[in-house]
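Q: In order, the protein sequences belong to chains A and B. Start counting the first sequence at 1; every next residue gets the next number (the working numbering). Start counting the second sequence at 277; every next residue gets the next number (the working numbering).
Derived by calculation from the structure, the hints in this document are not laboratory data. Errors might be hidden in some of the hints.
The following residues of chain A were derived to be distant from chain B, with all beta-carbon distances above 12 Å [unchecked claim]:
no., residue
1, V4
2, Q7
3, I8
4, W13
5, G73
6, G77
7, N97
8, Y155
9, L158
10, A186
11, T251
12, G270
Partial pick of chain B residues on the chain A-facing surface, computed with a CB cut under 7 Å [said to hold, decoys possible]:
no., residue
13, G352
14, V356
15, N358
16, D460
17, I487
18, A488
C-beta atoms are modelled at their ideal positions from N, C-alpha and C, and glycine is treated no differently.
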Amino acid sequence: MLGVFHQILGWFWEHRKVLVALVLILALVTPRPAPAQFGVGIVAIIVAALNAINQALTAVIGGALQIMNQTLGTINGIVSAVQNLFQNVVYPPAAINRARGLVGSVMGFYNQIRAIAQTPVNSATLANPRQLEQTALSRNPAMIGNLGAQFQAVYQPLPPATDASPPARNVIDMSDAAAQAAMKRAIAIDAIADQELKAADQMLTELQLAAPGTASMIGAQGSAWLVRSHAYTQAALADSMRLRAIDLANTGADMKFNAGYAAGTRQNAGTMMQQR
Amino acid sequence: MDALRADGATAIRAMFAGLMAVVCLTRVRRIVALVVASTVLIAVVTPQPVFAQIEAGPILAAVASVLSTINNVIRGLFSVANNVLNQINAGMQAFRNLMNIVVYPQALIASARGMVSSMIATFRGLLSSIFNIRVASAQLPAPSALEGVIRNRNVGDFGALSQTYVQTYGQLPPAANASPMERDLIDADDAAAQALLKTLKAADAASDQTIAASMLLEDEGQQVAPGTADYLVAAGIIASVENQAVMQKMIAAQMRQEAARLAHQNMIRKRNATFGNQLRNSLSDFMQRR
């Protein structure tokens, strides 16, 4: 290894002149680093221009952005204040949860009312009255068709023409019709009331899940049902009043019959006295 | 172009240097002098690097253009944007004032809650005392018992109602004492009356539940937030629907009772017609026999 190194050094020594010439040539022909292609004056101009642009950017854009930043800061403050107002005053989550809980409590009360409304109130003991009562209290409109026959079984049919005068039969028929219609309407009203209770339960269930912004929508639906419900109540009241009107008409008819009977009795008594 | 020219010169110099190196290896001394001289000559004649052809005029014009854009266009745009932001700011400020001062003023929120508390204090106890005034008046044991049952607002003692009703109004007469028609009529009348009394007990109980629900709603009104008041309003409206349903059931019960009364009176007419016809026939037979 050392021998090879000495041989290399020896070779370099023998050819030292050639090597010096080569180094010299290489030093001369190697291209020198070229200077940048701008003169000093141009650089100064460019620097000045950049400074001018920088000043313009700072003055115009920087100033404007600073003002915009302040304005945006103010807007942010206002938005935060409004957000706080809505989150802490108008729609606090605790109040929302409490309101939903309250709806659940109200539902509890009306569940009890529904249970109370369905408590059986029947009392009849005999066969005919029991059947009539079962139908009348059924709350089932499909059973309305049974009521006529059951009514007649308890309250007897219209007397034949041989038993009662035509005016008396008219009054009896009208009174039976009013009484039967009232019983039928009572079944229908009970069924309607059940449906209203069911609808109200559905709305309360939905209200428990509603967002503060949609609670008023449930309220609007409730308002519609309330208006409809008032209409049903008015209709029921009208049926009740119709019944009382027929009752009053019957009282008047009784007085008319009595007057007629009295006149007939007087006439018969007069005729009898004359014959004697 | 300048770059191509520089690359060509470099290549020529490299080729020449290589050629010289080969020659040097063979004829050293003579050629060294020639090479040195040639090198010096090449170094002299090789063109010096030139400066780029950039002048100050176009640079200044471009800078002036940029500055003009900044000062005229961008400044104008920023001015417009700033005006818009100011308008947004004013709008937001107005909205905040609207919410704080007009829509949800703290003082009025507290006032509304205070009004609920005040109304509770003023009316709740008074109404409760009026509502619960005792109206029972019966003196004898059986009517007193019946009166107590029908007014106790309880739906769990319908059996007691039937029992006290019978004690007060008597039992259905046995078949030996009344015709089947009369017994049916009496039973139907009693059933209608008892059904109505039971329904009224149920209505009283429902009324108690309704009052409790209304008090719950009113209590919540003392703490409700403006944004959650809609829950209470909606619950109140829906509760009103249920109240209407209960009222309809009461009216239906009343109708059943009045219908039964009307049917009862009508049946007496029918019976009178039948008895009248029988009486006429009997009298006619009697007169004919005479």
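Q: Which hint numbers does the structure go against, in order from smallest to largest?
A: 5, 6, 7, 8, 9, 10, 11, 13, 14, 17
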